[in-house]
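Q: Residue numbers (our numbering), protein chains in the order written: chain P, 7 to 660; chain F, 54 to 317.
No wet-lab data here; the hints were simulated from the structure.
Take these hints with a grain of salt, some might be off.
Label pairs and their computed distance ranges (CB to CB) [said to hold, decoys possible]: (1) P:Ala497 - F:Gln94: 39 to 45 Å; (2) F:Pro154 - P:Ala289: 56 to 62 Å; (3) F:Arg302 - P:His548: 53 to 59 Å; (4) F:Val131 - P:Ser210: 52 to 58 Å; (5) F:Pro154 - P:Asp42: 33 to 39 Å; (6) F:Pro154 - P:Asp252: 29 to 35 Å; (7) F:Arg302 - P:Asp42: 51 to 57 Å; (8) P:Gly413 - F:Thr190: 54 to 60 Å.
To list a few chain F residues with every Cβ distance to chain P over 12 Å, as calculated [claimed, not checked]: (9) Thr70; (10) Leu127; (11) Glu243; (12) Arg269; (13) Val270.
Reference excerpt, derived from the structure (chain F facing chain P, CB under 8 Å, subset only) [what the hints assert, rightly or not]: (14) Met54; (15) Lys56; (16) Asn137.
These figures come from a predicted structure and were not determined experimentally.
All C-beta atoms, glycine included, are put in the ideal place defined by N, C-alpha and C.
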Amino acid sequence: MRVESVFDRLEPLLPRVSKPVQYVGGELNATAKAWDDVAVRWCLMYPDAYEVGLPNQGVQILYEILNEQPDVLAERTYAVWPDLEELMREHDIPQFTVDSHRPVGAFDVLGLSFATELGYTNLLSALDLAGISLHAVDRTDDDPIVLAGGHAAFNPEPIADFLDAAVLGDGEEAVLEITEAIRRWKAEGQPGGRDELLLRLAESGGVYVPKFYDVSYRPDGAIDEVVPNRDRVPYRVFKRTTMELDDWPYPKKPLVPLAESVHERMSVEIFRGCTRGCRFCQAGMITRPVRERSIEGIGEMVQRGLAATGFDEVGLLSLSSADHSEIAEITKGLADRYEGTNTGLSLPSTRVDAFNIDLANELSRNGRRSGLTFAPEGGSERIRRVINKMVSEEDLIRTVSAAFANGWRQVKLYFMCGLPTETDEDVLQIAEMAKEVIRAGREVSGRKDIRCTISIGGFVPKPHTPFQWAGQTDPDTIDDRLRKLRQAINADRSLGRNIGMRYHDGKPSLVEGLLSRGDRRLGRVIERVWREGGRFDGWNEHFSFERWMSCATAELEQLGVDVDWYTTRERGEHEVLPWDHLDSGLDKEWLWADWQDALDAREQDDCRWTPCFDCGVCPTMGTDIEVGPTGRKLLPISPVGQGSPVRNPAFNGG
Amino acid sequence: MQKLRLRYAKRGRLRFTSHRDVARAFERALRRAGVPMAYSQGFSPHPKVSWAGAVPTGVSSVAEYAEVQLVERLDPEVLRDELNAALPDGIDVLDAADAEPGALADRLQVSRWRIDLPGTDVAELRDAVTALMAADTALVERMTKDGRRTIDARAALVSAEVQGGPRIVAQGDQISASTAQVDDWPEASEPYGILVTVVRQTTPVVRPDDVLSALRVVADLAPSAAASATRLEQGRLDDGGRIVDPLARASGGDRIPAGGPAAG
């Protein structure tokens with residue numbers, strides 16, 4: 007097949023769309039390979055706007071790993087804005103990659119990374135623009151395999167009709183194995199066509215092919231059973247886990263966009279997984295066990311990445327960065343190494359702990375001192391026991407006092423609203439906490455210009471967490487509690503004016519909840535929303551709650567279920583959940599016991615420092631916790647010098 | 054402390070970068086290249102780079118200017134080469150020189166533009182340009198950050214001439230990936246107009262699309278959507294009406310203006 011760049015046809019349209027630079031490619035560290043020189047071709051997509059999708063670490067890691075293979079190429083595509091979508095339809099231009107502007111339909115695999123369910127309608131736009139049948143059953147041998155990954159792939163059932171396959175968990179090794187299967191199948195002359203390839207992938211147990219499983223329902227709407235409909239397909243599909251992060255130092259050369267993106271920094275993943283056991287946190291549950299990158303590995307990635315990108319900020323990424331067993335040595339080592347080079351270092355995610363003030367002071371040695379962020383998540387002591395976020399108000403006040411004493415002026419606090427068992431009182435406690443923060447700050451610093459910003463999101467129960475059985479709080483209750491909270495903050499003028507409050511209404515969370523815990527019957531809702539114009543549901547200006555609700559009513563009524571059934575209904579212990587055949591390693595009985603503990607406000611310790619609490623992951627997955635300390639230090643690379651973190655010999659003696 | 058001035062190009066696909074994109078790309082290239090930059094003091098230190106009147110998003114240029122401050126002395130040509138190795142293709146440093154006294158902006162008084170008008174008949178374009186140059190004023194509307202404004206595009210025009218066909222290329226620099234390859238150009242039989250015009254830098258600045266608007270207002274010329282513009286030169290006008298290279302040393306005339314004098 008002849009595959010040509012569509013750029014010549016695209017270019018005349020670009021002056022007519024917003025932010026055209028997002029479509030031209032040419033990012034630093036991007037790879038362009040000749041189409042005919044390779045055996046297997048991947049198109050990787052992050053189904054949101056370029057500015058959100060480009061920084062995605064998952065896509066960047068897989069892009070680099072695949073392109074390192076001599077006979078494989080990987081290109082990227084992102085969701086196009088509605089203005090360009092309209093022009094592309096008018097001028098018959100297909101969904102294209104930004105690397106070589108090749109049509110997406112020509113690739114062997116279209117791999118999508120779903121961090122959030124609100125990208126589902128963008129999947130349909132991309133398939134349709136690419137000329138790929140929306141429904142997997144309608145695809146031919148010439149179409150790409152449409153494959154989903156990312157956190158949302160742990161319950162891909164709502165988009166099962168549109169996917170050929172899904173991979174749960176870490177993708178580093180999985181993409182190479184899938185590539186090998188495709189390479190062999192193509193070399194053999196594509197025996198058995200598309201179905202045989204999918205069967206080969208499915209029988210490995212690590213790739214989920216929805217169409218090889220039949221779902222039946224009970225009269226009350228619940229799932230009766232999910233069973234394979236082919237001999238070679240296993241009953242359960244297991245998540246993938248990459249061990250020894252030091253063997254996978256990706257991305258080695260992070261992509262640097264020309265366009266502005268949501269993260270203007272280089273990210274280095276310092277560990278993967280989290281065992282703190284916060285019951286709302288899907289990421290913490292599905293990424294177990296904890297696997298640390300070594301201090302030397304981190305140092306090398308930072309050094310190599312800065313030289314390859316020129317970024318002036320490095321984010322040390324993980325689910326809870328201060329939890330790395332050698333975080334103090336890492337931050338001090340990096341701060342020493344880059345002193346005087348105007349290189350900012352940050353820990354994007356930290357817990358409420360006085361220890362973090364030392365880290366923050368160390369990281370801001372270069373001068374940049376914006377604000378500190380903590381996530382107590384719940385306003386009252388009781389609700390924090392329910393969610394297993396073990397932090398006392400005393401701890402928080404002690405921590406922020408230390409911060410204000412060290413010259414910090416602003417603290418940001420993250421909370422959730424709508425948590426299981428939550429009452430108005432739990433939410434109103436957020437106001438008390440914020441006021442206490444201001445009082446403490448004023449007292450310690452002797453200043454008036456202390457600020458506390460509280461940021462509140464609606465809680466969405468997620469699959470593979472102890473809260474997967476919980477009833478989601480309806481949007482009206484959430485909006486009502488947030489209104490009362492706002493009043494409570496404003497009630498005290500002198501403290502209230504130093505407290506900022508940021509929140510979204512509860513409606514997008516309800517749609518996210520519908521899609522998170524949905525089953526295959528939601529495919530028709532998603533398709534209808536998309537046909538009625540739904541795009542970019544993660545964006546306020548595009549999201550329409552009314553459209554989602556009217557489409558859901560129209561499609562679900564005839565099936566005897568409704569939005570409440572999927573969202574605000576509490577599930578029973580023995581109900582078959584749509585994702586029960588997808589194995590994250592977590593023992594369902596353990597999850598249920600933890601859910602009961604939550605209802606009784608009983609806490610659970612972190613297994614990293616206490617005995618195993620039998621969540622089931624390590625034995626099921628054949629994995630183990632990988633943590634230091636190694637006791638090693640970050641070797642100082644001889645003075646990097648003023649002005650730049652990189653030494654260029656061409657300028658020596660200049 | 055050393056102050057260097059750069060002439061750079063923004064062309065090809067990268068003409069779709071905004072000025073902010075270009076500035077970010079430069080700052081990152083400076084860091085990758087290990088250039089000993091001077092940084093601003095204060096809360097959020099930034100490398101000391103100052104920019105002069107950037108070309109709009111979507112418009113090409115081979116004559117953009119910036120000034121950088123360094124903490125060590127460097128050979129301007131070494132800096133140019135190292136920076137080019139670090140910059141993405143399409144943003145290229147064409148020239149670097151030690152800063153002469155006076156503000157860079159004072160040396161950038163006029164721009165010479167080439168505006169390609171595929172689909173526009175040369176004779177028709179010539180008539181329109183003649184009418185425009187004969188007019189006293191040509192009022193065009195534009196959205197500026199202060200709202201909708203009416204500006205007189207004619208007042209800013211120093212000269213405007215139509216060139217006979219696509220094969221006449223400006224001397225000196227390659228213009229852009231999409232228009233530089235003569236072989237790819239449309240057949241001579243297809244209408245294709247090229248307007249080369251010198252425009253004075255006024256406030257608000259008169260841009261190539263304003264010149265096209267002026268042709269529409271004065272002579273009812275409606276160019277196709279495929280019109281594209283390239284800034285060929287910027288500088289001061291000398292007494293003979295020639296554009297003086299802004300990087301030229303005040304003392305000697307040993308620098309050759311890279312774009313050359315206006316053709317024709």
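Q: Which hints from the list above does the structure break, by number from lowest to highest?
A: Violated hints: 5, 6, 9, 10, 14, 15, 16; rest satisfied.
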